[in-house]
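Novice: Listed here are the chains, written in short residue letters.
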Amino acid sequence: MKQTGTPESTSLFQESWRAFKKNRMSWYSFVFLIGLTVFAIIGKIVTINVATFDPSAIRLADKFSPPLTAYVDAEGGQGVSPVFGVYWFGTDDLGRDVLSRMLEGTSVSLTVGIVAVGISLIVGIGMGGLAGYYGRKKILFITVDTLIMRIVDIMLCFPAFFLILTVVALLPPNIYNIMIVIGLTGWMGTARFVRAEFLALREQDFVLAARSQAIPEWRIIFIHMVPNAMAPVLVSAVIGVATAILTESSLSFLGFGVQPPDATWGNILSDGKQFIFDAPWITFIPGLSILVVVLAFNLCGEGLREAFNPRLRRQR
Amino acid sequence: MSRFILNSVVQRVVLLIFISFISHAIIHLAPGEPSMVDPSNPRLKPEDIQKIRAAFHLDDPLHVQYFYWARDLFSGDLKSFKDNQPVLVKIWERFLNSLPLFLVATILTWTLAFPLGVRSALTQGSIFDKVTTFMSYALISIPGFFLSYICIIIMVKQLHYPVIGMQTFGLENAGMAVSLMDRLEHIALPAFMSAMGGIAILSRYVRSQMLETLNQDYIRTARSKGLSEDTVVYHHGLRNALLPFITLFGLMIPGLIGGSVIFETIFAWPGMGRLGYEAILSRDFPVILTLNFFAAALALAGTLISDILYAVVDPRIKL
Numbered sequence: 012m013k014q015t016g017t018p019e020s021t022s023l024f025q026e027s028w029r030a031f032k033k034n035r036m037s038w039y040s041f042v043f044l045i046g047l048t049v050f051a052i053i054g055k056i057v058t059i060n061v062a063t064f065d066p067s068a069i070r071l072a073d074k075f076s077p078p079l080t081a082y083v084d085a086e087g088g089q090g091v092s093p094v095f096g097v098y099w100f101g102t103d104d105l106g107r108d109v110l111s112r113m114l115e116g117t118s119v120s121l122t123v124g125i126v127a128v129g130i131s132l133i134v135g136i137g138m139g140g141l142a143g144y145y146g147r148k149k150i151l152f153i154t155v156d157t158l159i160m161r162i163v164d165i166m167l168c169f170p171a172f173f174l175i176l177t178v179v180a181l182l183p184p185n186i187y188n189i190m191i192v193i194g195l196t197g198w199m200g201t202a203r204f205v206r207a208e209f210l211a212l213r214e215q216d217f218v219l220a221a222r223s224q225a226i227p228e229w230r231i232i233f234i235h236m237v238p239n240a241m242a243p244v245l246v247s248a249v250i251g252v253a254t255a256i257l258t259e260s261s262l263s264f265l266g267f268g269v270q271p272p273d274a275t276w277g278n279i280l281s282d283g284k285q286f287i288f289d290a291p292w293i294t295f296i297p298g299l300s301i302l303v304v305v306l307a308f309n310l311c312g313e314g315l316r317e318a319f320n321p322r323l324r325r326q327r
Numbered sequence: 003m004s005r006f007i008l009n010s011v012v013q014r015v016v017l018l019i020f021i022s023f024i025s026h027a028i029i030h031l032a033p034g035e036p037s038m039v040d041p042s043n044p045r046l047k048p049e050d051i052q053k054i055r056a057a058f059h060l061d062d063p064l065h066v067q068y069f070y071w072a073r074d075l076f077s078g079d080l081k082s083f084k085d086n087q088p089v090l091v092k093i094w095e096r097f098l099n100s101l102p103l104f105l106v107a108t109i110l111t112w113t114l115a116f117p118l119g120v121r122s123a124l125t126q127g128s129i130f131d132k133v134t135t136f137m138s139y140a141l142i143s144i145p146g147f148f149l150s151y152i153c154i155i156i157m158v159k160q161l162h163y164p165v166i167g168m169q170t171f172g173l174e175n176a177g178m179a180v181s182l183m184d185r186l187e188h189i190a191l192p193a194f195m196s197a198m199g200g201i202a203i204l205s206r207y208v209r210s211q212m213l214e215t216l217n218q219d220y221i222r223t224a225r226s227k228g229l230s231e232d233t234v235v236y237h238h239g240l241r242n243a244l245l246p247f248i249t250l251f252g253l254m255i256p257g258l259i260g261g262s263v264i265f266e267t268i269f270a271w272p273g274m275g276r277l278g279y280e281a282i283l284s285r286d287f288p289v290i291l292t293l294n295f296f297a298a299a300l301a302l303a304g305t306l307i308s309d310i311l312y313a314v315v316d317p318r319i320k321l
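Protein sequence lines, in the order shown, are assigned to chains A and B. FYI, the numbering for the first sequence is 12 to 327, going by this note's numbering. FYI, the numbering for the second sequence is 3 to 321, going by this note's numbering.
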């Protein structure tokens, strides 16, 4: 039903969505990331259930086969061949199929990124929300706002990567500790955004209206205010996933990352670096995959930032 | 002004003390300590472990350990657990190695990022703009060590260029000019690699800042007065667009310690980042704590400097 004369009414979200779709690079990155998620889920299922994709199958006879080498069954029909009998991405120093390991690593790498960002979002929104909404309340002699912002300042003073390294080196290295540590060292930006948004939103009429209807405070905060403060948070979350994947790979490079037998792109890359002259594909395949995926996250985040902030949209 | 400086110095000192409490607590409460670095060593008997723990005051309560650390740090005789060398001397030696790397990287970052950013802002939407935008995203997204490995392979295999360490082995007694050139050759690649991310981020920032400034009313006024385009862009535009970067300058100081762990490890550069990495591996608590302390002090000093510079440069801000 199209009205004549007046322009079609669009909500803020629809308008942002349209602006986002117009930005071709970001839109393709978004589609790519959706595809990657599906790929990661399929990869997770397949690597666990199908013997062809078993990432820990060791075939020492085939070690360091370059990509696209055909598989020759040396065990008289007993061996499990890789997909279509070809090592699409070659094999590593133990003769494991790099394609299967990359498939397994996709879901692990993405999970590390997403869970780490999830943790930093929860802490960041919680802290920022407290500081913004209850900022004027006093605990003993300082206000909540001062207290929380000082904590943020303290956290910002630690050199982030050095802190992560210290904690990860001292804790037992498993995948959960790494997610938690990356998450807990990355929430300060979110807290600042949310606080700033909350300080502005608190004075708005719709919050006053909600309060006048005796709606409980947690409902005002989470149902009424948080959705309005989401735009900058969403942007920093998308870019945060990219940073977390990079941080995980750097940690793996130094030997503190996710430990074997769990494969992530980071530790496939750092395992491969010692064979870089003989078997460059073990280094280049995960390296380029990280580049492409992190690039997609960054472009997608940047597109969202432009879409949500009309001042940044280009005049067309 | 002096009131503001005094105030913020006091505030930052208080923050610094809190930071040292927290980092002390994190490091001592986390599992793993120097006596457990080599658990499989059969010659390390329980008595020995007891002796080590007693010698390093590891049996004392946390606040007593903190007191020992602070006292030793300020009297200057804080000793490393690993080799019993004075920590401050160790850090100073490594600092002298890190400093040239940091300076060259910073100079590269600032001299390359500004022209790139300004140019892509002025030619918004052109091929140049699109290419630099894409390149800077690509540089942010590539793992630094992966890029470094690619560069090392190219440098070593194709160009036969020295990359590892601070100088070529055996050139210690060479003449001034030769050893200077040798140093420069060795510093080029690590400095460029650590500047890469900075160039990418900073040039983006310069671009958006410049675009925003060029949309201001006073630029339109300047144009309507009939000033030449160069005067408008560089005199009225760029000078105003540069203001926020003064803050950034202060914020880049802590990169001296924290930002260099990966690159110093790859290029075997004996700097502070690597010192920290080695200290973490051997659970050398005094070194880790002192490095953390200095890093935090640098970060706080950086914010203070940027606040003051901002007030000095921008007359609209009164402290």
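Take the hints with a grain of salt, since some may be wrong.
A few chain B residues facing chain A, derived, Cβ under 10 Å [said to hold, decoys possible]:
#, residue
1, LEU18
2, ILE24
3, PHE130
4, ALA140
5, ILE142
6, ILE144
7, GLY146
8, PHE147
9, LEU149
10, CYS153
11, LYS159
12, VAL263
13, GLY278
14, TYR279
15, LEU302
16, ALA313
Just so you know, the hints here were simulated from the structure itself, not pulled from any lab data. Model, not experiment: these values are computed from the prediction. Every residue, glycine too, gets a C-beta built ideally from N, C-alpha and C.
Novice: Compare the structure with the hints numbered earlier in the document and write down the numbers of the violated ones, lowest to highest.
Specialist: Hints 3, 10 and 16 are the ones this structure does not satisfy, whereas the remaining hints hold.
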